[in-house]
Amino acid sequence: MIEPVHIAYVSGPLFLIGLAVVLSRRSAIMMLMGIELMLNAANLNLVAFSNQNPEVSGQIFALFVMVVAAAEVAVGLAILLAVYKGYKSTDPEKLNRLKG
Amino acid sequence: MIAVMDLTFLMLICTLALPLISFLWLCLPVTATRKPYLHVAGILNGLAGFSSLVYFLSSGSRLYRYASWEWIKVKAWNLQFGLVHYPETAFLVFTVSLLSLFVWIYSLAYLGVKEDRHRYFRHLSLFIFGMQWLLVAPGLGQFFMGWELIGIASYLLIGFYRETLDEASAASSAFMHNRVGDLGLLTAVSILLLAGGTADFTALSDLASEGMYAESLLVIAGFGFVIASLAKSAQFPLHAWLPAAMAGPTPISALIHAATLVVSGIVLLLRIKPLLLPIHLDLLYGIAGLTALMAAVMALFQTDLKKLLAWSTISQLGWMIMALSKGGEYASLQHLYAHAYFKSGLFLLAGIFILFAQHAELNEPGSIRGLKPWLLNHKVLRWSGIVLLCALSGFPLTAAFLSKEQILMGFAASHQTWSDPLYWISFLVPLLTAAYAARLYFTVFHTGSEELLLGKTWKATASLWMIPFLLALFSLFPLLSLNPFEGTKNWGPVLGFGFYQAGNPIPASTQWLLISLALTLSGWIVGFLLFRFNLQLPFLNRRYWTEHLQAGLIRPVFAAGRGFSFADRRILDAGIETLSRSVVVLAHVFKLVDRHLIDGGLRLFNKALYHAGPWGATTSEGKLQGYLARTALVLMVLVGLVMMYLD
Numbered sequence: 413m414i415e416p417v418h419i420a421y422v423s424g425p426l427f428l429i430g431l432a433v434v435l436s437r438r439s440a441i442m443m444l445m446g447i448e449l450m451l452n453a454a455n456l457n458l459v460a461f462s463n464q465n466p467e468v469s470g471q472i473f474a475l476f477v478m479v480v481a482a483a484e485v486a487v488g489l490a491i492l493l494a495v496y497k498g499y500k501s502t503d504p505e506k507l508n509r510l511k512g
Numbered sequence: 048m049i050a051v052m053d054l055t056f057l058m059l060i061c062t063l064a065l066p067l068i069s070f071l072w073l074c075l076p077v078t079a080t081r082k083p084y085l086h087v088a089g090i091l092n093g094l095a096g097f098s099s100l101v102y103f104l105s106s107g108s109r110l111y112r113y114a115s116w117e118w119i120k121v122k123a124w125n126l127q128f129g130l131v132h133y134p135e136t137a138f139l140v141f142t143v144s145l146l147s148l149f150v151w152i153y154s155l156a157y158l159g160v161k162e163d164r165h166r167y168f169r170h171l172s173l174f175i176f177g178m179q180w181l182l183v184a185p186g187l188g189q190f191f192m193g194w195e196l197i198g199i200a201s202y203l204l205i206g207f208y209r210e211t212l213d214e215a216s217a218a219s220s221a222f223m224h225n226r227v228g229d230l231g232l233l234t235a236v237s238i239l240l241l242a243g244g245t246a247d248f249t250a251l252s253d254l255a256s257e258g259m260y261a262e263s264l265l266v267i268a269g270f271g272f273v274i275a276s277l278a279k280s281a282q283f284p285l286h287a288w289l290p291a292a293m294a295g296p297t298p299i300s301a302l303i304h305a306a307t308l309v310v311s312g313i314v315l316l317l318r319i320k321p322l323l324l325p326i327h328l329d330l331l332y333g334i335a336g337l338t339a340l341m342a343a344v345m346a347l348f349q350t351d352l353k354k355l356l357a358w359s360t361i362s363q364l365g366w367m368i369m370a371l372s373k374g375g376e377y378a379s380l381q382h383l384y385a386h387a388y389f390k391s392g393l394f395l396l397a398g399i400f401i402l403f404a405q406h407a408e409l410n411e412p413g414s415i416r417g418l419k420p421w422l423l424n425h426k427v428l429r430w431s432g433i434v435l436l437c438a439l440s441g442f443p444l445t446a447a448f449l450s451k452e453q454i455l456m457g458f459a460a461s462h463q464t465w466s467d468p469l470y471w472i473s474f475l476v477p478l479l480t481a482a483y484a485a486r487l488y489f490t491v492f493h494t495g496s497e498e499l500l501l502g503k504t505w506k507a508t509a510s511l512w513m514i515p516f517l518l519a520l521f522s523l524f525p526l527l528s529l530n531p532f533e534g535t536k537n538w539g540p541v542l543g544f545g546f547y548q549a550g551n552p553i554p555a556s557t558q559w560l561l562i563s564l565a566l567t568l569s570g571w572i573v574g575f576l577l578f579r580f581n582l583q584l585p586f587l588n589r590r591y592w593t594e595h596l597q598a599g600l601i602r603p604v605f606a607a608g609r610g611f612s613f614a615d616r617r618i619l620d621a622g623i624e625t626l627s628r629s630v631v632v633l634a635h636v637f638k639l640v641d642r643h644l645i646d647g648g649l650r651l652f653n654k655a656l657y658h659a660g661p662w663g664a665t666t667s668e669g670k671l672q673g674y675l676a677r678t679a680l681v682l683m684v685l686v687g688l689v690m691m692y693l694d
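Going down the list, the sequences are from chains F and D. Numbers 413 to 512, taken from our numbering, label the letters of the first sequence in order. Numbers 48 to 694, taken from our numbering, label the letters of the second sequence in order.
Since the hints were made in silico from the structure, they are not lab data. One thing to keep in mind: the hints can contain errors.
Claimed, not checked - 30 Å max Cα-Cα, derived DSS-like pairs, lysine-lysine:
id, chain 1, residue 1, chain 2, residue 2
1, D, K654, D, K638
2, F, K506, D, K670
3, D, K122, D, K426
4, D, K426, F, K500
5, D, K654, D, K670
6, D, K426, D, K120
7, F, K497, D, K122
To be verified - Computed spacing ranges between beta-carbons, pair by pair:
id, chain 1, residue 1, chain 2, residue 2, range
8, F, F473, D, L688, 24 to 30 Å
9, F, P416, D, V689, 56 to 62 Å
10, D, L688, F, P416, 23 to 29 Å
11, D, Y657, F, Y499, 52 to 58 Å
For every residue, glycine included, the Cβ atom is placed at its ideal position computed from N, Cα and C.
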């Protein structure tokens with residue numbers, strides 16, 4: 413029998429990997445992918461813990477997260493394309509024109 | 048709350064709205080098709096002129112409030128917008144529209160194809176709207192708005208040739224003089240608003256007649272109104288801007304500085320007359336009398352054509368204010384209308400001469416005197432000039448003859464004695480007016496005519512010479528009366544509309560007809576003698592003063608300055624030097640203390656900050672992932688804290 417905590421053993425490392433990708437990669441596309449990983453880790457948790465509950469609102473929420481993630485990637489990639497046209501790079505280190 | 052929509056109301060709205068639309072239209076960025084762009088605005092103003100005519104002809108003879116909207120309402124006082132038909136100034140609404148239409152047509156030819164002329168017409172539209180807005184104002188709030196609008200439009204138009212310093216400084220001078228008046232008006236409006244809670248003209252006069260205002264308040268407010276009208280109508284001591292404003296384009300001088308803007312001071316006095324106390328009326332009478340006399344003398348000896356006309360305007364306005372302050376509203380308004388037409392005609396005529404002579408000096412070679420006989424012999428121009436100058440001096444058959452007679456009879460009926468010098472002035476002014484008109488006539492049209500016709504044809508377009516001609520026609524007697532010798536037989540009863548109902552017209556009498564004629568004729572004799580013997584009073588010219596001040600005052604002052612400077616160096620400086628040396632020594636002592644004790648501590652603190660700065664700055668160097676990492680860290684700490692708290 414798989415307990416929700418077993419799922420958390422998977423989703424926890426998955427979230428940390430996503431965070432690490434977002435914080436360390438030198439390409440904004442990779443950062444978007446890291447965000448996807450983190451969202452999916454959260455999804456796993458939602459599905460797993462919602463299983464304990466007779467209501468299915470948690471699982472429906474996971475569906476919403478997927479839709480939002482898809483939309484976010486679509487918009488994010490379009491923004492990245494525009495950024496690339498302007499900067500000729502997507503390295504987040506170089507996108508610092510607004511620095512304080 | 049809008050009253051019944053009838054033809055008069057509709058036409059009044061059009062009269063106001065069309066210049067505003069024309070202004071907004073000309074605010075659009077200019078496109079390559081510049082001609083239709085301007086002509087749309089011109090057509091709008093033409094329609095405004097037509098609607099003002101229909102408005103005037105269809106309007107009634109009683110004050111009628113067509114519309115009013117609440118504007119600002121704070122506690123006990125409120126200000127209102129609105130459109131009001133004032134029978135006594137309805138003709139002025141028409142006059143403003145008609146004259147501005149004339150000036151519009153004239154300016155198209157006068158300015159020629161100038162790169163930025165749309166700017167000129169834009170400001171002109173703004174001016175027309177402001178003036179009409181002022182004339183239909185139900186109360187002092189809207190009146191003040193119109194007052195400011197025409198002030199700023201006048202400033203912009205005087206400074207139209209803004210490339211040269213003269214025009215720019217003339218514009219600023221006019222603006223600053225008007226600001227003094229605005230201050231007076233604003234003070235008066237605020238006082239009345241705070242004391243009575245309303246700025247409506249009829250409500251104000253009702254409250255004043257019921258004795259609602261304390262007398263001290265009325266005294267102060269009245270002085271505010273007096274100052275405002277003195278500044279706007281260019282009366283002493285705020286008169287200097289009007290001759291200076293002649294630096295602007297001549298059509299503007301004709302419309303704004305002869306016919307419309309300057310009479311708004313008189314309109315103000317007319318509206319708030321019930322509020323004025325005898326002390327204010329006496330003050331106005333005295334100041335206006337002195338101004339009228341001084342300006343007439345200045346005009347008599349001016350050598351600059353436009354400045355002569357400007358001084359003449361000041362003098363005529365002074366004379367009108369004199370009549371107004373002695374109860375002659377009817378006469379004063381009649382003269383105001385007659386003056387608007389003949390004076391703008393004279394200015395536009397002068398504009399043609401200036402356009403061809405390049406500058407306006409009357410007595411210098413290469414200028415108007417003796418230049419281009421073909422121009423001066425042009426029949427239409429010559430006859431327009433003669434008619435307009437006759438109107439200025441008040442010959443029979445002109446409109447000004449009727450109004451002048453009314454004013455003189457008004458003075459005679461106001462029970463004054465000959466021991467009062469101001470009473471003399473009120474009769475001296477028309478004589479001097481006729482004298483400078485005569486001098487102007489002989490100087491312009493009777494010199495240089497013996498020179499040969501140069502064989503040139505006159506290239507000016509019809510729109511240039513037609514306008515003064517039309518204005519000459521307008522300054523004949525039908526403007527004011529059907530009977531050339533009876534000023535009270537006006538058009539009102541014949542056509543059935545209200546026509547200058549203010550005040551009490553006085554029926555003409557043979558005695559006063561003869562006195563008026565005698566004043567005019569003796570004025571012409573004086574003017575002819577001045578011309579014949581070429582009498583000049585150079586000390587009335589600014590250049591004379593500049594030169595003589597240089598020799599008589601400025602040089603001695605400089606010499607004295609040099610003497611003082613010598614004494615200063617030799618005697619005073621020695622003592623001061625000893626003193627300053629001891630001060631320097633003392634200062635050195637202080638400096639040592641300062642540097643080591645106080646500065647040392649400050650430097651230490653400074654250094655610490657200096658090193659702490661860059662270290663702190665690394666946190667905000669614009670690295671996205673750095674921000675994210677710190678955000679994640681803070682979140683983790685927060686979540687950890689929450690968990691600890693929950694456990």
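Hints and how they fare:
Between K654 of chain D and K638 of chain D, the direct Cα distance comes to roughly 22 Å. Compliance with the 30 Å bound is thereby established for this hinted pair. A threshold of 30 Å between alpha carbons decides the hint, and for K506 of chain F with K670 of chain D the separation of about 8 Å falls inside it, so the pair holds. The suggested pairing of K122 of chain D with K426 of chain D is violated, with an alpha-carbon distance near 65 Å, which exceeds 30 Å. Between K426 of chain D and K500 of chain F, the direct Cα distance comes to roughly 78 Å. Violation of the 30 Å bound is thereby established for this hinted pair.
With a CA separation close to 27 Å, the supplied pair K654 of chain D and K670 of chain D stays within the 30 Å bound. For the suggested pair K426 of chain D and K120 of chain D, the alpha carbons sit about 60 Å apart, so the restraint of at most 30 Å is broken. Between K497 of chain F and K122 of chain D the alpha-carbon distance is near 60 Å, which puts this suggested pair outside the 30 Å criterion. In this structure, F473 of chain F and L688 of chain D meet the distance hint of 24 to 30 Å, their C-beta atoms being roughly 26 Å apart.
Judged by the Cβ atoms, the range 56 to 62 Å given for P416 of chain F and V689 of chain D is violated: they are separated by roughly 20 Å. Checked against the given bound of 23 to 29 Å, the beta carbons of L688 of chain D and P416 of chain F, roughly 24 Å apart, stay inside it. For Y657 of chain D and Y499 of chain F, the hinted distance range of 52 to 58 Å is not satisfied, since their beta carbons lie about 33 Å from each other.
Of the numbered hints given earlier, the model fails hints 3, 4, 6, 7, 9, 11; all others are met.
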